[in-house]
Amino acid sequence: MPDAPQDRDPAEPGPAQAAGQPRDKDSSELADDYRGTELPPLPGGDRDTARAAPAGSGRTADSPAPGSGRAPSGRAASGLKRAWQGARAWRRARPFWAGIFLILAGAEILVIPLPKHFMGLILHIGTGGVLGILIGALLITCALLLWFSPAQRVFYSVAAVLLAIIALIATNLGGFIIGTLFGVLGGSLGFAWTPVDPAAEPAGPRDWPWRRRPGRHADPSAGLTLVLGRSPSPEREAADSAADSRAPDDGPPATGTSQGGSIYRGIPLLPLLLGLVAAVAHPAAASSLAPRPSCSPAPVTASARPHPTRTPQPAASATPASTCGTASPSPTGSPTSSPSPSPSASPGPTTSPGPTPSLSPTRKKRRKATVSGGLVVAAVPSTISAGSATLTGLSYDGVANVPTASGAVQMLKFSMSGLSLSGNDDLTVTEGGHTLAVRAASLDFSGNVTLLTTKFSGDLLGIPLTFTPSSPPPLVLPTMVFTNVVSERPYTSADALQIGSLQITSG
Amino acid sequence: MSSSDKSSAARRGKPGRVRWRRFAAIAVPSLAVTGVVLGLTSGGALASSFSISGQQFQVSADSLNGTGFQQFATVDHEANGTPVPVAESEIGTAKIANLCQSVVAPFPLGLGTFTLRITAGGGSTPVSASSLIIDANQLSGSTAIFHNINIGQDASTLNAVPNVPLGAAGTFGQQSSDITIDNLHQTALSTSAGTFTMPGFGLSLTAGSHPCF
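Sequence lines, in order, name chains A and B. First residue of the first sequence: 0, per numbering that gives the first Met the number 0; consecutive thereafter. First residue of the second sequence: 0, per numbering that gives the first Met the number 0; consecutive thereafter.
One chain only, chain A, in its complex shape (with noise of 0.2 Å):
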């Protein structure tokens, strides 16, 4: 009601207000705006608050006037009554449904990725995770912005909008698409939401944003029409102007001339912004944003296999250039040329430094082997079983002392060119509590095949054997099969792996 009169003035453009200079009009607009939010009123605003009474008596027919509410029931009725009228009041008076479709939209994108168990879970997440977050927290920002600072909603709106499809790219396609479509419905229903004068109400076609005036409101149709792939021509603008002159104006625009022309103009950042968007989801940029490792082996650990042969050549196994603090064995020489003990103490932390154990005087000759450098293997129990084993080009290269996260444990080692296992394949790990079960039908390994093992049993010709650290094979034959086999803690490395029906679970 306040500035219908106002509006209705055939007003021409001139140069002056098209630069943005607020006139009196369009002060007491910002202030009815800034109404909705706990705002000090611009100068000009105690004119227009002395106009608010009736304003609000003349609302829409459905809305009862203030003080209808006091009619003569019971005092708590009455109460409640008012606090309905409140919220249907509060609801109205802000873009509420555009609000619920954010705060919905924002949850989805959110909930999916967000880890259910903060422990240590978070590094799991991973880029797409960490954005799902941060969109989704967001777009429920902008809902409860757009609710308790209506005045700035179309930035709000805009955001959302733009927030909503960034997720399509960034998390999991915007919520599986419906969390993109509820954003860009909250953010268009809070765009198109405006304050409504009773007396502009019937006020139908005149809401396009580029349809306003050219002096008060070029800058919308300038961002829109960016974004259209409309060229505003001369004579589409002067049959704008026209018709702008000839209809009433329905209402103030979103905000402030200058205001709404900086918010408009933001909308052909959008391109932008989904760029922006994929130069995140790029894997160098995403790299950066994972978890990085601990340590960093170089990669001439990985291929530095010493070989432990018989003739007393010094195994020339390279030092790791590993800058983890695992252990490093440093090279020994060939254990069977010197029964004298050789301490192939370990300079890593975790391994005891001490000389290895393996001098007891009972066995005449102890072998020694030695693993690759910067190799651990795992703690935890292990068992693998299988029917039948063939073990090719078979080796027993001696009792190594191989690096564990609980120190160093004492392993058979042997070398292959070939191990097959079958019937019943199962390679059991427990740890802390859990299972880890993987079941195979068949696992061939062939090439350089090494097993280090704890303990070693199985049925040889019928006959059945157990091969410990502290009682190892007497001899080996280069090619042994045997039945049930059990390999307790087994490490295992081959140049390749071939498994029939693979099955892992874990319980």
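Keep in mind that the hints were calculated from the coordinates and are not lab data. Everything numeric in this text was worked out from a predicted model, so none of it was measured. Virtual Cβ for every residue (Gly too), placed ideally from N, Cα, C. Hints are not guaranteed to be accurate.
[Stated by the list, open to error] Which chain A residues stay away from chain B? Per the calculated CB distances, all over 12 Å, these:
1) Leu-143
2) Arg-366
3) Asn-483
4) Leu-501
[To be verified] For each label pair, taking beta carbons as the anchor points, the in silico distance ranges come out as:
5) B/Glu-77 to A/Asp-425: 20 to 30 Å
6) B/Gly-201 to A/Ser-405: 25 to 35 Å
7) B/His-146 to A/His-433: 26 to 36 Å
8) A/Asp-458 to B/Ser-208: 42 to 52 Å
9) A/Gly-432 to B/Thr-112: 27 to 37 Å
10) B/Gly-109 to A/Gly-78: 27 to 37 Å
11) B/Ala-44 to A/Asn-483: 54 to 64 Å
Please arrange chain B on chain A, whose structure you already have, making use of the hints.
Then chain B, alone, in the frame of chain A:
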């Protein structure tokens, strides 16, 4: 009318309404951009980022070809906090033929169940993913081929895939330089992928239970 009523009315602000042309002015171009983004995704030109947590879902594929693979056991948690032991597989880059991913979840308010199903890479171009992490409590394949494999390595020393979280010190891990699994079926609890291109992607939301396998 008291002055307090007047000020509260002023604070509440004017009632408003939605101007539907204004709504269309932003909703239509936004939906058009959404469609273009989805089209580019489906064409394999635009990569997406994925991260799902706390909801059991199925993944199946005709074949998975990965460069850089490591796996170890860890514990995930369901939405209600139940700990679920899982095998965490990490793949540096993967090509996945005929990927299917399905979530069967209850509708809110007890309105039965629905299935969200994503398929991609069914044509000649496979799905490609980088920094793929899948926490599965069941995994199976008809054949699996690994090269340069280590089984039984300490999970905190795995180094086949860069820039991914590792297992706890002392736990059982395995890694290989590359991996091929045919007829892969997984029941997973969480997944994340840095980038995911999905040529020929389709998404369906249907009532009832229609999982991938």
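For each hint, the structure was consulted:
1. Leu-143: 16 Å, holds
2. Arg-366: 22 Å, holds
3. Asn-483: Since the minimum Cβ distance to chain B is about 21 Å, A/Asn-483 lies beyond 12 Å and the statement holds.
4. Leu-501: 5 Å, violated
5. B/Glu-77 to A/Asp-425: 20 to 30 Å: Between B/Glu-77 and A/Asp-425, where Cβ atoms are some 27 Å apart, the hint holds.
6. B/Gly-201 to A/Ser-405: 25 to 35 Å: Violated: the Cβ-Cβ distance is about 49 Å, outside 25 to 35 Å.
7. B/His-146 to A/His-433: 26 to 36 Å: Holds, at about 29 Å.
8. A/Asp-458 to B/Ser-208: 42 to 52 Å: For B/Ser-208 against A/Asp-458, whose Cβ atoms are near 47 Å apart, the range 42 to 52 Å holds.
9. A/Gly-432 to B/Thr-112: 27 to 37 Å: Holds, at about 32 Å.
10. B/Gly-109 to A/Gly-78: 27 to 37 Å: Check passed, 35 Å falls within 27 to 37 Å.
11. B/Ala-44 to A/Asn-483: 54 to 64 Å: 56 Å, holds
Comparing the model with each earlier hint shows violations of hints 4, 6; every other hint is respected.
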